[in-house]
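Chemist: For the protein sequence lines, the chains are A and B, in the order given. Take 609 as the starting number for the first sequence in my numbering and just add one per residue. Take 107 as the starting number for the second sequence in my numbering and just add one per residue.
No more than 16 Å apart at the CA atoms, straight line, and that leaves these computed lysine to aspartate or glutamate pairs for EDC-like:
| # | chain 1 | residue 1 | chain 2 | residue 2 |
| --- | --- | --- | --- | --- |
| 1 | A | LYS843 | B | ASP189 |
| 2 | A | LYS855 | B | GLU212 |
| 3 | A | LYS860 | B | GLU212 |
| 4 | A | LYS708 | A | GLU684 |
| 5 | A | LYS623 | B | GLU200 |
| 6 | A | LYS719 | A | ASP756 |
| 7 | A | LYS1005 | B | GLU174 |
| 8 | B | LYS160 | A | GLU1009 |
| 9 | B | LYS160 | A | GLU1004 |
| 10 | B | LYS238 | A | ASP842 |
| 11 | A | LYS619 | B | GLU200 |
| 12 | A | LYS1006 | B | GLU174 |
Think of the hints as simulated: they come from the structure by calculation, not from any bench.
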Amino acid sequence: MFGTLLIKECKQILKSMVYYIYVVVFVLFLSSQLGGDITENLQRPQPGQENYGMTNSQKESDIMGKMLAELVLETERNSYATYPMGFYKGVILNETELEKVKAIVEECTGKNWQQVTGEITEHFNSYDQSSMEGAMQAQVTFSVFPRDDLSYAEFCEHMEEICRLVGAGSSYQKEKWSQGVSVPGTYEQAVEEFEAICTKDRITGAIARLFCDYAGIVLAILPIFLGVTRCLRDKRAQVVQVVYAHKLSTAKIIGSRYLANVCMAFLPVIITLLIMQMPYQYHARTIGVAPDLLAFLKYSCIWLLPEIMVVLAAAFFLTELTENVISIFVQVFWAIASLFSSMTLKGSFGWNLIARWNTLGDTTAFWQQRQELLWNRGFYLILSLVMFVLTIVIYEKKRREGETIYGKIFKRRR
Amino acid sequence: MGITIEIKDLSKNFGKKQALKHVDLQIEQGMFGLLGPNGAGKTTLMKVLTTLTKKSGGQVRLCGIPVEQCGQVRKMIGYLPQDFSMYGNMGAYEALDYLAVLSGIEKKKRAILVPQMLEKVNLNDQHKTKVKAMSGGMKRRLGIAQAIIHNPKIIVVDEPTAGLDPEERVRFRNLLCEIAKDRIVILSTHIVGDIEATCENIAVLNLGEILFRGTVSELLQAVRGKVYTLEVSTLELPMMQEKFLVTGILTNGSTANIKLIADQAPMREAKQAEPDVEDAYMYLMNHTSASKGRE
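Isolated chain B (complex conformation) (with noise of 0.2 Å):
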């Protein structure tokens, strides 16, 4: 069996609140983004997948195993939560060594791992700084390399660059990217730059529905030539925010250079500009609550 997630009519709900509705994907081995903004209802459909919440209906296999034999999917994944931490007073090293042996894996095998995979996630000269003396972007290296010290085929990491400073971001992302080669890395945030440089094939949720699941390009493609560069007045920025779905502003003294969607050209002064994958997802969100409110 490859190494794949089919989700099929997946469903959960909290009491009367439904927080996954009908959810199809499939996904493949490399680096998967699940973009949407806060309370979308990724997170819930990532403790799905890493057995932490029990679905409401539907299908989840992972790598042809369903999602209910949990003991042989945990197995298989390793996930870095949305705030991953550990014990406090524990070392790196121990810290890692620790939920080593949570994953079943052997005395001699953990003494060549745990090294190797503080190297990997740079934390080799900081095997012995207390978890409680580290910074954001230590633990989630920790966290990461926790999540695949037992070389699962499915890596699922919840929100990881939230709050990490630009330099911590960026090298976390190149070390996702690393790890995907041979499993699937799926990776859920609210940030579409960190999509952007990092993922392929993405799906977007919103309100526990998936509005989008394809290519980067795919999603590009929708808002290609709608999106537009323009140069006004400061006095009249409310108004274009008002009538356009605005997506940038850059201020310059009493003019305002601006960023906007439109189906057509709103002045004859604008100009058509390319898109990014920020524009299209500001495109995708706007364009289905509006037919939401319509409906």
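So that you can see chain A by itself, here it is in the shape it has in the complex (with noise of 0.2 Å):
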């Protein structure tokens, strides 16, 4: 009877206008993040190449002097970036606290400010400044070398005050850059990267996972307003009391309807990776790579299901209590808050809905994050069977007292 009940409310679903919205937005952002062409970046490395990528350095001399590069083009517009919220809040500092900045950075190099406003004019000259890759190569090779006698603490006080002049959420918070900093890669680092990608990721899982960062920004909001839909649905049909008056559990009947959203939430994402994995295997076999063809599979299952699953619960569990779409509020503003607060587009995953890992391969550190991910994803599936089981609760009692908790509590208080 439940497989009946869930072939019903999977047909259900095919009916809705909702789904097919779902299905557009969802295919459209993953072909605008990942439509183009991003095979040419899985080529063996040559040497006497004109970059080999960027790297990522936990070096203390590659932190301090890639920050105080960075303070350094900020501080000679006078504009800072910072993300108080989550949202870009430009700073521009008043004349005293400029002069303390520029204090700063004198001390930290050892050399006074014209001196080092020379060596910026100086070092983006040496680049094409009129093409694009040539300011880009200019901007990522740009560094600034401390003075040999500061000391790491000493750097990360002057970071400290850099941070109370500039506000929150700069990139001079310790957070922001102790795990790491973007530093030009070298050839012999290239083919070791690109080694892990043949033979940890088989080029497949490498795809795998950039295709899972993208899909799960969407993710993380898109399956709300199917639950929504689905629950509220009975209530806008006014079938509330002919469901609950019949013989079928409330086990049966939630449990359908939630397997069904799940089912359906990820059959487009299956779809997706399958078409778009084709072509990533293909050129694993042009480059004499046996790829690995349930790469796709694998990371979707793990690092994107539960994350539908945790939404789906959280949507049929705060609609089945409130009756009505507070959820799709409180989803958004999960979803923008796990987005925000991570401190790096790549890996600490932490607790946060949203897993990131905004690069093609880096396979070597994601290998060393992987039981951090998938404890994370452990979480949210313990998560969302809780609310699971909660909103069978809910729905038990509404159907045994006729109406809801929410409803009873703002009666009583009213």
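Fit the two chains together into the complex; they arrive one by one in their own frames, and the hints show the way.
Modeler: Next up, the structure:
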């Protein structure tokens, strides 16, 4: 009986306009992010290449160099990018504050401000600024060397002072750079990285991670609309009492609805990944690597399925509890908070709903953080099951008592 | 255990408001009418019987099973709520099939029962018609089909004819009488005509209390000899309405033929008339509110 109801629920979802909007938004978002050819980044590095991409470095000298470079560039423009609530806010300092920052730069570099700005001009003039590639190269290779006797502890103190002057959410917060900074990679590093992509990821694994990174953003919000629509559908169609009065148990009714939504929300993910992986499988074979045919499926099931499950469980739980669309607002807030609370676009999964790995490759670093991701996804899987059980409890209570818990509380308060 | 419903000292409170006050009823096989004005507590009583509302006190047993055993009770009841509807995008067949699944009917059985029920409620020609395109009458017929598809011992129908045109109303009443052969059908309504046409046993509920329980003949007996018809001038009408319980007015130019209830003949010209259920109901309601006023 559960299976029959599950199929009927799936058919109902297929008839819903909300579902097609869900599919279209999902596919459009992914194709806008992953539509281009990224196989050129998956070629064996050759000696003498112009650049070997970027690599993460946790060396104190690299961190100090990159952070000072950013500070010098922003101080010269007197425009500091900050993200206090996750959204961009440009900060302009007054004369006194600016002088304090310049003094810190001078203290860290052992050079006066004119010398420092002279070095900036010299560095940028050595690149072809008229081309996009030249401008980018100038940006990524720019580094300011700290004075020889500057200790890391002193540097940290100076950065804290900068944070106080510039305000919250700047790049100078320790948690933003303590995990390392991006520095231009060497040929040896590039070869090592490429070998890791070929052996550990077998090409398709690296692509799958990037797929999950983008898909994870939209899937933190989109499924909520499916869940809310399903829960409010009974009320809108005035079938609540008819359903309540029937024999089938609450666990079967809610279970079939929830599972149908999970399956139908995951279906476009599976289909999209099946289509998207094809060119990468082909590419892997052309460079002599046997692709991992199940990589997309494995990553999607581990990375995206728990996310879909928890978002839908939250939708079911909150909508059955409140009988309104409040869960949409809660979920949008949760997703945005998760998106902007990530200190980095790569790793540092923590307990974030949206797990980010916005890079193609960095395989060694990913495998080092893989356990953290598994704990994160496991937590959301359990959370979704807890919310699912709570939904059953609430539905059963409403079925038995004829009104919502929220309604009761509200009435009593009045 | 026979097909009976026993209600003893049933109470239901919503906060401070008492929707049902110590209701006692014994309902046997056949059509049973529950009559009362809007807000009398009929729907609350129906919801208690169908496990949709928890009682605050008393005992309710359906075919010997306490109403607290929801799972068991739901198996033996069919419920047609006041504003029955289904998902608008489903066809009649699909909707009935969906609700049959909720009743736990297996696929093979459903394949036989669903067309059978649609035929019974005269919807077989419209089995593909979407619920959102159905008329009120068609929806009610679909509602009764879903209420009887699992062959329940008890069927509860709440205000089933409200808003239906006269033809649909008669058809629906006949359908209810037809299905009441081997089971209890509780018809809750404020439309006296429905009760008069279908039920022999009735109860009258007002403000959560049972005012009358018995047969239609017993209800009529209480008002027999107290119903009069009289021709009066239209100018006298307001005075008559103020003085007597007027249950019918038929105006004809400057005169009006009225039907009223009084303990004695109001005028020498007044002629005694045969009471109907509506007269008896009005007399009962009026009598009760008058005694409450005296209290």
